[in-house]
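Trainee: So you can see what is in the structure, the chains are spelled out below.
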Amino acid sequence: MPDEGVRLTVNGRELEAAAGEMLIAVTDRAGIYVPRFCYHPKLSVAANCRMCLVDVAGAPKPMPACALPVTEGLEVETRSDRAIAAQRATMEFLLINHPLDCPVCDQGGECELQDLAMGFGRDISRFTEGKRAVPDPDLGPLVSTDMTRCIHCTRCIRFGEEVAGVQELGATGRSEHMEITTHVERSLKHELSGNVIDVCPVGALNNKPYRFTARAWEMSAHATVASHDCVGSALYAHVLRGRVRRIVPRENEAVNETWISDRDRFSCEGLYVEERLHKPLVRRDGRLMEVGWEEALAAAAAGLMRVAEEHGGEGLGTLVSPSATAEEGYLLRKLMSALGSANIEYRLRQRDFRSAATAADAPWLGTRFCEVESLDSLLLVGCDLRSEAPILAHRVRKAAMAGARVSYLDLAEREYLHPIGTRSVQPPRDWARALGPLAGRALKGRRRALWLGGLAVRHPAYGELLEAAAEAAAGAVLGHVTQGGNAAGLHLAGVIPGPADGNGAAGLNADRMSRVTLAGMVLMGVEPDLDCAAGAHEAIGGAGFLLALNPWVSPWLLSHADVLLPTATSLESSGTLVNGQMDWQSFAAAAPPPGMARPAWKVLRALADRLSLEGFGYADTDQVLAELRQRIERPAAASASTSHGASIDSRSLDDEEFATLELPMYSVDGLVRRSAPLQQAAAVQRAA
Amino acid sequence: MPAVSGNSLLPDAARAAIRESTARFPSGRQRSAVLDALRLAQDGNGGWLSVELMDAVAEELALPPIQVYEVATFYSMFEVRAVGRHCVSVCTNISCWLRGGRELLKHLENRLGISAGESTVDGRIFLKEEEECLAACTGAPMMMVGHCYHENVTPDEADRIVERLS
Ligand code: SF4
Ligand code: FES
Ligand code: FES
Chain B
1 MPDEGVRLTV NGRELEAAAG EMLIAVTDRA GIYVPRFCYH PKLSVAANCR MCLVDVAGAP
61 KPMPACALPV TEGLEVETRS DRAIAAQRAT MEFLLINHPL DCPVCDQGGE CELQDLAMGF
121 GRDISRFTEG KRAVPDPDLG PLVSTDMTRC IHCTRCIRFG EEVAGVQELG ATGRSEHMEI
181 TTHVERSLKH ELSGNVIDVC PVGALNNKPY RFTARAWEMS AHATVASHDC VGSALYAHVL
241 RGRVRRIVPR ENEAVNETWI SDRDRFSCEG LYVEERLHKP LVRRDGRLME VGWEEALAAA
301 AAGLMRVAEE HGGEGLGTLV SPSATAEEGY LLRKLMSALG SANIEYRLRQ RDFRSAATAA
361 DAPWLGTRFC EVESLDSLLL VGCDLRSEAP ILAHRVRKAA MAGARVSYLD LAEREYLHPI
421 GTRSVQPPRD WARALGPLAG RALKGRRRAL WLGGLAVRHP AYGELLEAAA EAAAGAVLGH
481 VTQGGNAAGL HLAGVIPGPA DGNGAAGLNA DRMSRVTLAG MVLMGVEPDL DCAAGAHEAI
541 GGAGFLLALN PWVSPWLLSH ADVLLPTATS LESSGTLVNG QMDWQSFAAA APPPGMARPA
601 WKVLRALADR LSLEGFGYAD TDQVLAELRQ RIERPAAASA STSHGASIDS RSLDDEEFAT
661 LELPMYSVDG LVRRSAPLQQ AAAVQRAA
Chain G
1 MPAVSGNSLL PDAARAAIRE STARFPSGRQ RSAVLDALRL AQDGNGGWLS VELMDAVAEE
61 LALPPIQVYE VATFYSMFEV RAVGRHCVSV CTNISCWLRG GRELLKHLEN RLGISAGEST
121 VDGRIFLKEE EECLAACTGA PMMMVGHCYH ENVTPDEADR IVERLS
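Chains as they are written, first to last, in my numbering: chain B, 1 to 688; chain G, 1 to 166.
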């Protein structure tokens, strides 16, 4: 304990704490339970529920532990008669108006009020008057309301104001008439708003799509990792009878603290949709037919062999989703190399690969997420951070609220919920030239960072921009807010054009593959009309043989693929994702994939077997990962040549080249695009 | 429905007054000016606050609209639905109650043909629902018309007072 530490006694136990800490934080740390509703370790102290009353020696009446700063010599009893009587009285008071119908409440079984009523409530209510009933506001497609159950703890309000940065919910009216509402019926729009479901201690705010589909005690919880952005938030998937029913956050202070984005929470609604592919499909006489795995793998192997024989490996191209696991990327890379193909790519929307820097080290943020909070200044270049990585935007907001100077260079005004140093709104063709002077004004202080985001990567003269950024950074950390959930992992797994052994011909990058029609294409988790740069699907669709590994069908895939193999999503497969701060996060499958779908790594293992390739006899993803990590340690494998050359001057480009820089938050990948609640939320946002 | 001014945007005078009131608080503490701003907005709008008007106040003070709704619905001096031009409140708290406040309210309800909380159809009078002690107990029973106190009010006097309202 530091010098300013104090000693106190709780229930006769000696504890040490920092002076000024709230008692409830100290007792929590010591494992002494104090009941509470309004207290939340990540929110300010409201002390309005009075559930945490404890008995303090010398105090005339019980005191709330959540609002009691500890002092030297403090003596507290949390279970004395006086403390228990106070807690029981509070419980009785709360239950005056709270309905006693837990069996029909979706929170039943995971309700803080229900739990505490078990511990502190009376068996029989002394209250015979009528209970109040409160109308339920419609908060949009994600959060359901049952406001009669609200106990006015104000956690949801404080979450909005303090974490999200915009207060969407408030308490209107007073006393008996107080209601938690938006007052004027408005949908919650913030990208983190689903977290009110978790902070609400009762069944007032619940998960709308999940509502009434399962009971908390029937489900098993499986630790997993979010795959939609470079944060890689820690999640639990709650599974019942082989299906993921909902996603909740898993605490990981170093990554997502206790929050997750709405995208990570509600994307699972896209798992069991009608478009889900349950059986392999093979094209025969122009029509796709459902077949068994044997036949499908044989058709896939035959197609690949034919192309390799007739056109050589150069005739084959491979596109991999930037959210595929490292193991999947590595295996596909290894398989294509064995067929002699070096044309492989995960940077699907990047169009300019001219700068040598675009192929250098694996892209990452350059900073640990927690260090973001102590930045002095940050310049976002072509980065719609709230949409690209909502949890990272929350870290940046914390930095900004603590005084960091956050600036941006973008093609439109962005609404950040914190002070902004310099807003520079410029047409993208001027970004490279605007960067230098802007960075001089924007980057101040000791800890400076410049981040390039999705709009920058999709810029038609990204190379020019990247070089300008490297120069403008001038000692500041140059970071990448990477796209997809595994950019760094796939980069390290070698899912970039170039031969695996570091010599031989350079492969084709995503841009080249979108301009030349190859004899054969392999797609893993990619729907080219939606996941690639504008227009790329036309060249891709022209391939003589097209093999797609995908969890879903889409109109484009149905009309272009020759073989469609049903694969698992990352919730249904084991694997590893490497996030923006270079954490290798491995996870097991949370639920089995539906129908005949299989994890892609197993599909690739079987396909390699049909192709009679050596070295694919892995028993599990751990073995694949071990091999991959070993190769990374030997730097020979890390070469990645690509078509360098003088960077393009963005002034020479047509206007239409700049038309597709924006990417809406709920369009980033196949799972997100198929989540109906997220699409409804996107519609609400567009309408606003 | 009472005739109300349909103009829900802040008049310039109110806007200027709000600015002046905001300036009295430290910068970044404009939330403190919300009571004043709502009062000015309500006075300029025939005695009630529409959603658009509250939104305009929120915009003027750079606050999320909900923070303005919270204040407007908390204080009984604000009306968030259209009401009659003259606000009449009869105190029914303890002193006034003992001295005939309830009977006085009943009398006015009968006379105006409305219940407390309603406005007359001609939009002339709004009878406030329930008023707590207005700190004029020495003159109980009392009623308040607009911002004007009337004390020791008899039913006849109450009639005369409301008749004079145009
Ligand atoms: S809705 Fe839930 S979180 Fe919000 S005040 Fe009510 S009980 Fe608390
Ligand atoms: S938890 Fe302490 S008063 Fe609510
Ligand atoms: S009780 Fe009516 S003024 Fe005090």
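Treat the hints as calculated values from the structure; they're not laboratory data.
Some hints here could point you the wrong way.
[As the list claims (entries may be wrong)] Straight-line Cα separation of at most 30 Å, DSS-like style, residue types lysine-lysine; simulated pairs: (1) G/Lys106 / B/Lys131; (2) B/Lys61 / B/Lys42; (3) B/Lys61 / B/Lys208; (4) B/Lys279 / B/Lys61; (5) B/Lys42 / B/Lys279; (6) B/Lys131 / G/Lys128.
Trainee: If a hint holds in the structure, say so; if it does not, say that too.
Mentor: Evaluated hints:
1. At roughly 28 Å between alpha-carbon atoms, G/Lys106 and B/Lys131 fall within 30 Å of each other, so this suggested pair holds.
2. For the hint linking B/Lys61 to B/Lys42, the alpha-carbon distance of about 28 Å falls within 30 Å, and the restraint holds.
3. Using a Cα cut-off of 30 Å, the hinted pair B/Lys61 and B/Lys208 is violated, with the two alpha carbons roughly 42 Å apart.
4. Of the pairs offered as hints, the one joining B/Lys279 and B/Lys61 is violated, with about 68 Å between alpha carbons and a cut-off of 30 Å exceeded.
5. Taking the CA atoms of B/Lys42 and B/Lys279, the gap is about 46 Å. The hint is violated against a cut of 30 Å.
6. Among the hinted pairs, B/Lys131 with G/Lys128 is consistent with the structure: their alpha-carbon atoms are about 25 Å apart, no more than 30 Å.
When the structure is compared with the earlier hints, violations turn up for hints 3, 4 and 5 and for no others.
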